[in-house]
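Visitor: These are the residues of each chain, in order.
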Amino acid sequence: MDTRRAPGLDLTRRRFLSGAAGTAGAALGVAALHGLLGGAARALDGGPTGGVHFRPRARRVIYLHMEGAPSHLDLYDWKPSLRARFDQELPESVRQGQRLTGMTSGQTRFPVAPSIFRFSRHANAQDGVWLSELIPHTAAMAGKLCFVHSMHTEAINHEPGITFFQTGHQQPGRPSFGSWISYGLGNANANLPAFAVLITQGTGNMQALSARFWGSGFLPSEHQGCQFRAGENPVLFLRDPAGVRPQDRRRLLDLSARLNAEEHARTLDPEILARVSQFEMAHRMQMSVPELTDFSDEDAETLALYGPDVGKPGSFAANCLLARRLCERGVRFVQLYMRGWDAHNNLPGEIRSQCLAVDQPQAALVRDLARRGLLDDTLVLWAGEFGRTVYSQGDLSATNYGRDHHPRCFSIWMAGGGVRPGISYGRTDDYGYNIAENPVSVHDLHATLLHLLGLDHTRLTWRHQGRDFRLTDVFGEVRRELLA
Amino acid sequence: MSEPWVQVLGRLHPLLLHLPLGLLAALVAVELLARRRDVTDARRLLSALTAAAALLAAGTGWLLGHAPDRVETELVERHEQLGLFLAGACLLAALLARRARPGAYRVALLGVLALAVPTGHLGATLTHGADFLLEPLRAPTAPPAGGDAYAAVVAPLLAARCSACHGAERQKSDLRLDSPEGLRAGGKHGPVLASGAAPEGELLRRVRLPVDDEDHMPPEGKSQLLAAELAALEAWIGAGAPFAGPVAGLMAPAAPPAPTAVPHADPAALAALAEALVHAEPLEPGSPLLWVDTAAIAATLDDARARALLEPLHEQLADLSLARAPVGDALMPLLAAMPNIERLDLSRTRVTGAGLAALSGHARLSELRAVRAPLGDAAADALAALPALRRAHVWEAGLSPEALARLAAARPDIELLARSPADAEILEVEPPVVVGSDPAGAAPTLAPANATCPVSGNPVDPAFAIVFEGRVIGFCCQKCPVTFWEDPAAFRARLP
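If you read the sequences in order, they're chains A and B. Residue numbers for the first sequence follow my numbering, so the first one is 1 and each next one is one higher. Residue numbers for the second sequence follow my numbering, so the first one is 485 and each next one is one higher.
With the rest of the complex left out, here is chain B (with noise of 0.2 Å):
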């Protein structure tokens, strides 16, 4: 059965069975209009070519189902056996038609539409998925805000694109994609995520093919991922395809930092803002947490200015940059009372350590810039101090190395950025360069491991070497060498 032609013949099942289908149709309405006119012959040669008609959908779908690619599974052989009664029922009914009597066909053809049912639906599961009739149906289920990414996104998106050939039913190519075993183990041509080969990974790899690619998936005539799936897909891999936890950009947004009690700014503080030439924006869209930068007036933004500036927004500042502005101390308490502020620079301002110890205990701050600004060894308990902090940069702040290790050992949780990067190690340094055949004639200084040219046969002459995998290989003359990397393969065997 595995002669091509054969195989070509059990394709064509899915087309073939349409036709004793439309036939059945024109049955029923014949039947339907048998009370008004002789339908006797209608009857007869319809009732005869319905079960040509399905003899020839069984035969080829049971080449399709025995085809040497196929797997075995239970839904199969459910499909195949209904397939073959019906098959036989439109055969008792064609020689039912052919009584006077119409009672014992009708009978018969009720029996072949109880049958017609069953097994277009168990057909139907097999290349469309389970499910696929009533999904329209169902409620979509938002993805939660926590917990985790492949189950809530990733498994719903593959069961509907991807299991019909991939999950419990059939296995196509031996890969299953409903499990996280299956996705793990790949299929008969290897992983389908990442790899040390391939790091995107050959399911990414096919779903962003070209639809008429044939390595595309899903098949062309099949169901197609939404934009949004792939994107959905692409961040999940993207993020090393964790099985467990969320991914960024997959789930509904994690409720945003500052949950939805923080109320969207006063446009009259907005406004003022926009006066004075400072800039504030959205942290995102929507987002009443705003970024503001005081770069354009640093050099005349005085404490009190800010003060008068900033105190209308001080739930929703989250970023605040100051820098190069001459605020001092007595800004701090401020600062410290806007709960949702993450990232403040300081940088190039006058405030001390003392003035820092205002902010202890902030609940939110994890980012500060206070470079150059003239903060003494007095700031290292008061960044201590700070509970969110994870990244500081204090380059030329004034803290001593000593009082720079003692917040080390207490807060080994803060990336101290204190001093200016340091040079990458050099790790190796090539030999002196020699480039092909000096004028003076020092030749380049390469022994080659082999005796005769792999190309030509004749004897090798130094001045006509390469490094090849590693080794210095010579050829007779010039020309050799460029044979040879046409095909490096072709002379492979030649080498010692």
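The shape of chain A in the complex, shown without the other chains (with noise of 0.2 Å):
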């Protein structure tokens, strides 16, 4: 029962507040606020909703999102016919008439740009899967990865794109996929926010990152994704103003979480809750943040299996070592970008340079957390939010071409956290423009991801505007093949 939901339930709590307050004075008052927030009253509800709705196969999820959306046909999946069909017209067969960006929709001429990138086939637990020369770090860990080469998704532009992917609706306004776990769940971590950001800056084609996508649209402000910020200080606002002592940070929480009781004693606005709470995490994660992000007690080995930028905060292979360790201290959601994959021109100097940068780390985070027993109960999902065309954006040479947007087909994959592993899933066809067998839309995803985290999707839910919103809508099916 939410009992944000309930005014009856807010009542009792104004009673408690302010008969406290009356008779032993408002410092009574904030203690009960206090036991209230951090958690005696919530003991043992896992998050607002109550907590799993059964039991569940994952615990964390980290969600490595690759911004700008990376080529599935120069990465994932592979289509050596295609070599011999360079420069060739796109039949309209496959094309059939789709709608195109405005970046392509002028050109006259769709010449087919096969991968010119190498693949292999690496072992796993059907016969292999094929992968590209530009992951091979990430292929040697095949065995444990579940490849989905059928993922679709509706927005063809990056914003509604990523708004799609991170909340299941392609206007902004509704909470990111995080904001909704970190409800549905709680905190298993009082010290840190139960949804993590974490911001790598790639070396291809940038796209804005709003830090809307990791809002909490209409579910109560806490559940916002925090982001972790390269450099001296990771969390802003954290440390005491110069010339401010521990001790008076302290008085001024507990004589602004006083005036807030009395507030919200006074409007039962639940936001004035959410505030407090936040302040007063802020003021344990003075403590937690400098051990969390300092990686000094990592060994050596450790530090090499990420590769040489782990030194280098904010780099992807930090913020993957960091995403580990956040995981080991039981943050629920950790939401790493990785920007720059928006190749429109130039497509094998950016994509080369770009999982240069992700290759070895996100490697090393699977294997880290494999032999840690880590990836039993954490889910790892890499994704771009689309795909990207065969045909060439621009011109076309044998060793140089681009991509736009393709929303029609792309691949993503996942590990642990009870994901089949060593399998792929789906199929495209020749082209790598259309999908050939079991299609996986957005809200499909989603729906998996939320049952194996305990959560069904149907019942996940926040009332706002007079109804039911879910992160699905009114969609989603539990696509049990991708399940252990």
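Please keep in mind that the hints were generated in silico from the structure rather than gathered at the bench. Just so you know, not all the hints are guaranteed correct.
Each pair of labels, with its calculated beta carbon distance range [what the hints assert, rightly or not]: (1) A:D127 with B:A977: 30 to 38 Å; (2) B:D945 with A:D429: 21 to 29 Å; (3) B:E487 with A:D127: 36 to 44 Å; (4) A:E92 with B:H673: 31 to 39 Å; (5) B:A977 with A:G97: 25 to 33 Å; (6) B:P620 with A:D269: 45 to 53 Å.
Computed, partial: chain A to chain B, Cβ under 8 Å [unchecked claim]: (7) V52; (8) P80; (9) R85; (10) F117; (11) R118; (12) S120; (13) H122; (14) A123; (15) A140; (16) K144; (17) N189; (18) N191; (19) E291; (20) G330; (21) R371.
Sample of chain B residues with no beta-carbon within 10 Å of chain A, all distances over it, derived [what the hints assert, rightly or not]: (22) P498; (23) L566; (24) L575; (25) L641; (26) R690; (27) S831; (28) A838.
Ideal Cβ positions, reconstructed from N, Cα and C, are used throughout, including at glycine.
Using the supplied hints, reconstruct the complex from the two chains, each of which is provided in its own coordinate frame.
Guide: As structure tokens, then:
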């Protein structure tokens, strides 16, 4: 039962608080409020919804979002027969009049651009998976990975595409996936936020990355993602300003909590509680964040595993290691963004340097989680917001080409957390343009991930503007073929 | 009788049969009024109409019963015989109504009523299935906890929704869903359970289609599967459609691993955990068993503190993580006394093999993580002495290869995860990639299997070659492969 929906329960809380404040003084009211927020009253509920709906397979998610949409044709979706169709026109029977973006709709030709990268077949639980030479480290983990080659999305541009992947809806304003998890499962480490966001700047063509992608929408604001930044100050405004002693900060927090408690007793606005709980968490994060971001307790072998960039704060390698450390500490949802995949022109050059940045760290993350036993209940998801076209955007040569946005099919992979390891699911046609078998929608993916986390996607709801909202809206089907 | 319009006429039977039934009710009403007024005209008119309607119903019924796609069963035959008798009785009654005295007519009317009940019942059994009428009166039987999911849940479900048409009495499309044999055998359109071409199976595909889809089952207008029934069917088919044994999620949950004897945790103990910032939540909704994770205070959690926090919950703890906490062997006897603990994470704690030995003989502990704990070789024997253990993460836990080998030999049922995962083997590498006509002039090294272009019939230029069904096919120009790919089947005959 969600207490925020039932005014009666909020009234009880007010009576309790105002009664305490009237008799034993305001301090007791503050203590009671602390109790409500900090735990005693919600000691046993996993989150505001009361925790899981059934026994979960996964307890945490690391979502590696490749912002800008990497080319499935150059990484995961091997189309050897395209090599012989170099520079041939994409048949109308394949494109079927699909609406294109404004970036290529004016092109007079749509010449097929086969990948110039060499693929090899890597052993997995099936008869192997063909992967590109760009990602040798990731390919070495093929036995742990579950590839879905038949993802499709509704959006054809980045903003709506990422928004759709993150919130289940193309228009902004709904809660991010991580916010739903925070709301559904609650926090497993009271010293850190349940939903952490890490960002790496890429080397390729970059698109805007808005903070609303990890916003909590209409959910209470304590469920929004907390961005960890590179450098001296991982979380902004966490440190005490110069001249403010820790005991001054404590007194300030106590006083503001008391005033907030009075305001909440008067207005019953749940956002006030969210604010007080965030103040308290920020206070505890003054201790927990430096310990989290200090890699000095990692041994040399582990650091080397993540590659040479691991010592560079904000690099994908450093963020992958940080993601593992967050998971070890019970953080429910870690969202990494790797920017720079939007290769409209010069794809071979851009994707090479992008893969150089992500390949070793992402493989290291899977390997490190696996050997520490954390992969059993940590789910790793690697995805862009859509795929890229088989036809070349701009000039096509034997060494260079570009690819436009392509929502009709793309590839993702998952690992751990109850996902079936070492399989490929779904198939695209010979052009890597349409799905030939087992299409998986973004809603299906969301439903499946929630299922692994012990949540029924039809029951994880929030009432807003007169109706119940879900991450999967009115769609989504749990794809049991992907479960271990 | 196979003309389509004749079949359509036959299919009007379920509609037309209601005409004589209504008229029959009117005839009874007329006889009840006969004492008060003269009903001779009404009787004659209505009984004539009833006879005509009954003949119409019987005629269309006969057409329906003898349609080419119908399978003759005993039930259909009996319904048909009674229906013909009923029509005859209606005709007789109509003739007797022309007499001045109504006595004989009334006897005939009683005969009609006596025939109408069994005829209608057999007809309804044909469309709605046996037991349709009294089904709500039967007490629902709760599926047993162990037992066969098929027998307890799936078979009754299929009997209720499917076997009216695919059962003992009718076998539409030669399909029977009322027995394991029938399900395995499939019907006229092939198998209904999973097969190579359809991993989910035709049965699930059809019940999932929108109701207005032509292929949807049960057909539009018939009683549909409830959401819970569809979910049960999905779970059963998802588990490989076993005809014996339980299926997860389908049965009344098997008695939770810890019997009901486990009381819910003491709220004060839970409040103490929350106060200490230790995470606790039920393993699943309503269960008294707990997952407890000390991650938030791992840096400062020592043996004494851990004991104080965990001891009051010793019965409820089922999944406990002490990872990264400086706890040691002194805590192990307390954990050994926790009867319901299934998963334990001691990674990077100070627990040694000697401490682990305190857990010997634990009846439930099935999964242990002790990554980078200083276990040492002594842990091999301690792990071997955990009868329920199935999975052990002991990467860099100080176990020598010999100790691991000894443990693996003693307990082959334990999945030992002691090494960093190995690289996936590279099975095959494609030849160096050559795309397009290289600026240097080196054309793709493909030798076409054909001499003439399958599209134009002109001689092949090897520069325009594709790979089709494993063979290299050449064309005369750049346009022809495009035409070819639009419909390869059309050109297949022209390939060598």
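Visitor: Compare the structure with the hints numbered earlier in the document and write down the numbers of the violated ones, lowest to highest.
Guide: Hint check: 3, 27 fail, others pass.
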